[in-house]
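K.L.:
Next come the chains, spelled out residue by residue.
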Amino acid sequence: MTMAKNPPPTNQHSLGYRLRRGWHRHKWSYFFIAPSMFFFFIFLLYPVLQAFLLAFQQWALRGSKWVGLKNFQDIFFGLSSKLFWETMQHTVLYAVVVVVVWISAALVVAGLLQPLGHRLQALFRGAFYLPYVTSIVIISLVWIWIFNPDYGFFNWLLGLVGLEPVRWLVDPKIALWSVILSTVLIIPGSGVVMYSAAIGAIPKDLYEAAEVEGANALQRWLHITIPLLQPTTLYLTVIYTIAAFQVFDRVYVMTAGGPINATTTIVQLIYATAFSDFNFGKASAEALVLFVIIAVISVFQFRFLSTEVEY
Amino acid sequence: MKRLILTLLIVTMVVPLFAACGPAPTPTPAPPTPTPAPKITKIIFYQRGYVAGATDAGTVTTDKAIELFQKANPNIQVEIVGIPWTAEGDTKLEAALAAKSDINIFRVTSVNLPRYAKQGILSEVTPYLTPEDKADFYESAWDIASYKGKVYAWPLWVTAITILANTDIFKERGVALPSFDKPWTYDEFVAAAQKLTFTRADGTKIYGVTASAKAGAVEYWPMLYIDGGRILTPDGKKFVANQPEFVSALEKWTDLNLKYKVGPPDFGVADQTSVQSQFQKNKTVAMLVSTPGFIRTLANEKFPLAVLPIPTGKLGKPVTNGAFGLYAVVDVPDKDKVAAAHKLAKWLTGSEIGQQISGYQLAPGLRKSNKNLDGDPYFSLVAKAVQYGVYEVPTEVPNEIQNTQFVAALQSVILGQKKAQEAMNEIAIPYQKALDEVNK
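For the protein sequence lines, the chains are Y and X, in the order given.
Take 1 as the starting number for the first sequence in my numbering and just add one per residue.
Take 1001 as the starting number for the second sequence in my numbering and just add one per residue.
It is worth saying that the hints were derived from the structure and are not from the lab.
Each statement offered as a hint is correct.
The following label-pair restraints were derived from C-beta to C-beta distances:
#1 Y:K82 to X:K1182: 43 to 49 Å
#2 X:G1120 to Y:K82: 30 to 36 Å
#3 Y:G68 to X:K1335: 34 to 40 Å
#4 Y:W177 to X:Y1138: 48 to 54 Å
#5 X:R1173 to Y:L120: 57 to 63 Å
#6 X:G1203 to Y:V253: 25 to 31 Å
#7 X:G1089 to Y:I174: 30 to 36 Å
#8 X:G1416 to Y:W177: 14 to 20 Å
#9 Y:Q73 to X:D1331: 30 to 36 Å
#10 X:G1089 to Y:V137: 17 to 23 Å
#11 X:T1185 to Y:Q58: 47 to 53 Å
#12 X:R1173 to Y:L157: 29 to 35 Å
#13 X:T1204 to Y:V253: 22 to 28 Å
Distance condition first, Cα-Cα at most 30 Å in a straight line; then the derived DSSO-like pairs of lysine-lysine:
#14 X:K1418 to Y:K173
#15 X:K1440 to Y:K82
#16 X:K1195 to X:K1317
#17 X:K1148 to Y:K65
#18 Y:K70 to X:K1433
Note that the structure is a prediction, hence the values are computed from the model and not measured.
Just so it is clear, CB atoms sit at the ideal spot from N, CA and C, and this is done for glycine as well.
Can you make the complete structure from the sequences, with help from the hints?
P.N.:
Spelled out as structure tokens, the structure:
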């Protein structure tokens, strides 16, 4: 009698086996996410890869030429490198001021809302969130009117107290600060909402225990609330830093980067390089530089600002 | 029932046989062999400032021009795509050219002509010129429309910049208007501007003069030539805006803002829309240094308008500057489309079109036979200014140098951040470097 050969043992740790098992378990999941992945690839990943490749080319209407690192050399050491470095200064200044003010303002407002009842809290959160859903272009157009040197609201206020009108968006020394002012005067609704939720999640026992120990309101705020909000602060810092580095529409509408490039930020420079100078290779290189800068700053923030929080 | 059906079947089979025995039908004549339909060539026309359905002069006259062209050329169909005069329009145009999508004829600026010609985008015009065309255009028009000795665009007109004046404000302040025969000197111009700068009883501030100053639409250029200076040498090889003649004229323009204070608060940085609004709607500016395209809009609403010459400086005579309107044809594989596009360009730049379409001529034409503006009270004066034109040769210097950085250098002087000589010496370095690069 011939004994049937035993089938070879299945190696349950082989790659092929794991892939087949994974496919068998999750094939319907892949099916449902396929459309999203398709659009992600076509409209996000592919253009980003193309931009990456374009950064190393000299673009022309009828075909591009590979030039290696020449675009990067032009950015850092070329004829317009001075403008690039000035632009970086403007962008860093804008980001530092805006992020610090926004985080502080959102925290203070969330703290002020906390003692209120649920309905009032919801009302105020909605009110602070409203500018967030309004078009930046509309907001910027209103600010242009507010800053108008002849009939603007701010100069009218200055006139009431006998002060000379200010050329808010015309004077190169203060134009950037005017743009920053227009940004920070609108408290970020997203920060208020997130901080409100985070403050609400802090156990009341900690405050009661601190009160028993004799801590006043300020001490409870400084030694309990703020440390326990660190994860939220980290998240908002990263998000707002990225948004500040990417500022464009506000600058474009209010000043178009002028006067004398005094308000030109890095994205405004990328736009001008691409769509005014039609130097798409150099513009892609500038975008790549911005990507690296934001990535480094974000890693830095996570590395040095993150902390474990336990209640 | 069966019998009925059988009867009906037999009748159905037999009746046609009887019909066949009837009189022979009159033979119908064979239908004529259809002549092949004439081939319709469709071309796409990218027109600046055109907005389908709008009622502004540019859109209305463009529609009329295409209507007349298609009537005269029934085998050519023209589709108009409107693009604005702003950077967004440039982007749309560049995207169409880069994507090699359907675009056959477009308005090209003299600044971009060398770049497009160098990249092989444009179709050469010379093969489509008749001897009459060659004799009819002014010689200077060919200089602007050419790249390395070949003509790549059809010259349309030259937008000679002049000063537009609100005559009501002049009357109010008792300031006499100059004329092209007796223009103001710079000092007389300053005196007039100072008199025209005042505050009304209701607190409204009126300013003497302003001009668009945003990169890409700088309209105070002629003021920088009044002392005999220019930006480049006539051969386009050397940057000379740091020479005394140009520097002194720049200082004169700057003094209007910093020393005599006759300009509005946004003097030196305002864009075209803002200054036109100040002049036309708000009526808070007495004089506007402007291209002539705005004249038609003002005249249509019966604005109290006068056209004045640019004041004279050390040169001793009026000067002007401006842009050349040019139509370029895209070189595409379909030669029928190329020929049709050249035909349209010839029509759009001809003398006849201005006679057939009222309001078409927005600036003095570049054909000797074009007398369409002779009877116009405003444009006839603009045409007078053309003879004093000083025009820079188009070069391949990158836009970021000749436009962005150079205009920023001018702004730094006008806003008092730098002295004129210092700013021009600074910009001379990258500008000359770029010129040497393109001329080697």
